[in-house]
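Enquirer: One-letter residues, chain by chain:
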Amino acid sequence: MTPTRGTAERPLARAVPYLTGGLLLLGAAVVCSVAIGSKALGVGETLQALTGAGVDESATIVREVRLPRTLLGLVTGAALGVAGALIQALTRNPLADPGILGVSAGAGFSVTLGVAFLGLTGVQAHLWLAFLGAAAVTVLVYLVGALGRSGTNPTRLVLVGVALSAVLAGIQSGLTLLNPRVLDGMRAWAAGSLAGSDPEATRHVIPFVLAGLALAVWVAPAFNAVAMGEDLSRSLGVNLTVVRVLTVAAVTLLTGGATALAGPIMFLGLMVAHIARYVAGPDHRWILPVSLLLGPLVLLSADVLARVVVWPGELPVGVVTAFLGAPLLIVLIRHRGPT
Amino acid sequence: MTLQRHVVRPHRGVRGHLAVLLVTASIGALVFLLALGTGEIGLSPLEVLRILAGNAGDTLGGTAVLSWRMPRALLALAFGAALGLSGAIFQSITRNPLGSPDIIGFDTGAYTGALITIMVTGAGGYLQIAAGALCGGLVTAGLVYTLAFRRGMRGHRLIIVGIGVTAMLASVNTWLIYRADLDVAARAALWGAGSLESLGWKHALPALAVLAVLLTLAAVLSGPLRVLRLGDDVAVVLGLRVEPVRLALVAVGVGLTATVTAAAGPIAFVALAAPQIARRLLPATGTALALSAVVGATLLAGADWLAQRAFAPTQLPAGIMTISLGGLYLLHRLTTKRV
Chain W
1 MTPTRGTAER PLARAVPYLT GGLLLLGAAV VCSVAIGSKA LGVGETLQAL TGAGVDESAT
61 IVREVRLPRT LLGLVTGAAL GVAGALIQAL TRNPLADPGI LGVSAGAGFS VTLGVAFLGL
121 TGVQAHLWLA FLGAAAVTVL VYLVGALGRS GTNPTRLVLV GVALSAVLAG IQSGLTLLNP
181 RVLDGMRAWA AGSLAGSDPE ATRHVIPFVL AGLALAVWVA PAFNAVAMGE DLSRSLGVNL
241 TVVRVLTVAA VTLLTGGATA LAGPIMFLGL MVAHIARYVA GPDHRWILPV SLLLGPLVLL
301 SADVLARVVV WPGELPVGVV TAFLGAPLLI VLIRHRGPT
Chain L
1 MTLQRHVVRP HRGVRGHLAV LLVTASIGAL VFLLALGTGE IGLSPLEVLR ILAGNAGDTL
61 GGTAVLSWRM PRALLALAFG AALGLSGAIF QSITRNPLGS PDIIGFDTGA YTGALITIMV
121 TGAGGYLQIA AGALCGGLVT AGLVYTLAFR RGMRGHRLII VGIGVTAMLA SVNTWLIYRA
181 DLDVAARAAL WGAGSLESLG WKHALPALAV LAVLLTLAAV LSGPLRVLRL GDDVAVVLGL
241 RVEPVRLALV AVGVGLTATV TAAAGPIAFV ALAAPQIARR LLPATGTALA LSAVVGATLL
301 AGADWLAQRA FAPTQLPAGI MTISLGGLYL LHRLTTKRV
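Going down the list, the sequences are from chains W and L. Numbered per the numbering used here, the first sequence spans residues 1 to 339. Numbered per the numbering used here, the second sequence spans residues 1 to 339.
Since the hints were made in silico from the structure, they are not lab data. Check the hints yourself; a few may be wrong.
[Said to hold, decoys possible] A short, non-exhaustive set of chain W residues, derived as facing chain L with CB atoms under 8 Å:
#, residue
1, Thr155
2, Val162
3, Val167
4, Ile171
5, Gly174
6, Leu178
7, Val245
8, Leu246
9, Ala249
10, Leu315
11, Val319
No residue lacks a Cβ here, since even glycine has one placed at the ideal position from N, Cα and C.
Work the whole structure out from these sequences, hints included.
Expert: Now the structure itself:
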């Protein structure tokens, strides 16, 4: 594959303020994520606990609960943010999102099947099952979008995703009811949550997410050509098959990994991809790093919100991202004009 | 070939219509007898008929059929008919085969209304919850239509807006359940899957009474609906007051969905599939209200029976059956047909 140069070079000088601002915001989100919860900590306490000075209760909370959770948020947020940008580029569909298109549901379904019928347990097994499900749905969704005669109709793809998610979720909850003992632990996970994060599991998944990110960086330049249409990109020397296979692989690694850790989190990819395009313009070499920054930022903020709205309890973060992201879907379809 | 069918059709119209209606209704009746006869105490359809005719006295079989199974089986038929009818009304008004209440999200909104009613009024009787569900459904209907209306209601905007609003409402529902007391939350969660399992005569009678009123209203409105289907301009020329009729139809359609949701929770995809199947059985008539109702009744009775018996002794909620099978049907439609 020959990476194609983008048409519009964005001077680094213009990007620097955005990236710096994003990093600062992300830092603030991390601090909030550590400080806010059923036991609220002051800034001083938080910093003390972070630097390892304190040994009291708050330091334990920070180290045992909040830090692993924040790490999980960073990993899944980055993965889903980049996956959202990738899947929009792959399907050339501005309404695409790993959650809406059913990729997360596929990963979750596959894990449930494996646990229910093959008795597979453990992080490793769950992870590979999630990859399997995510890959299957990504390929399926892509084929439906590509083979449908109305390939340019973005609504159809969304509907396929919604129908697929409904079927998978229905069968999944049926299985949960049939095998209550085996699958009881999966019920909380079904809503998409960062709570109860297991640092061991996160550590297992990080290499796969990094591999997915590396693939994303590698295919990003080609997407600038792909965006101009299949024929034009072919004539520019892009091997479309390679680009698509690599993108499916990247989406699988990122979404599968994130779903194995946190369950299905809807609308995050959609939000991130659109904000990233707004901030970074049409060049995919900029969209990806911006998505990488925005994903964790949005997810951690949503998670903090999830801990505040029903304080001292908390909501699954997937509920918050759906509530924040769904209006964007409505705005997008309203501004498309009559199709 | 096509021409021939067109020429022949007017002649066979009414008789063909009646025949299809009768065949579908007898399938529904058969499922009804099966549902009454199967369970812990197995009875043949003949024995069930004998009991129904009043020749059973106080035997155990008689009690099982008349007191335990009858309300649930009757409600499955009635709710299925209500959903099929509601779907037919909405698909006609929106002139879109996907414009059914479950895709547009009215049942999720009705569920929100019912949840709020339960939380505000404590437990709440059936009529209170039904009123709450009706308000929730109507507000959602208004919201979805307002958001989707932009220089007309064409295209897929209605459906995507519905998916977005559904996602937001689902978040709100989860939030409400998390805020509620434990026993309310447990009831709401069970109910959220869409189950007929716990319904007895004390639920059946008010629900059937409300449905009888709504079915009568729908029958009265079926003539104007047929005119409306010719297009707004033609309808005006024919002397129909378009907007009041449409409003009344929306109210009846939402009322039908809300009545079902208040008693059984959201039962997805019956409203979507029944009118479409009816249209395939009788392509000449557009969307036949009566046939849609009969098909809906048969579908839900079948789904509920499957949900009870397929994995006996474990009972699944009927909603899980309908969402899995109906989702598959929708996928099939989306991938094989242009919608």
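Enquirer: For each hint, tell me whether it holds in the structure or not.
Expert: Hints versus structure:
no. : hint   : verdict
1   : Thr155 : 4 Å, holds
2   : Val162 : 6 Å, holds
3   : Val167 : 4 Å, holds
4   : Ile171 : 5 Å, holds
5   : Gly174 : 5 Å, holds
6   : Leu178 : 5 Å, holds
7   : Val245 : 22 Å, violated
8   : Leu246 : 25 Å, violated
9   : Ala249 : 24 Å, violated
10  : Leu315 : 6 Å, holds
11  : Val319 : 5 Å, holds
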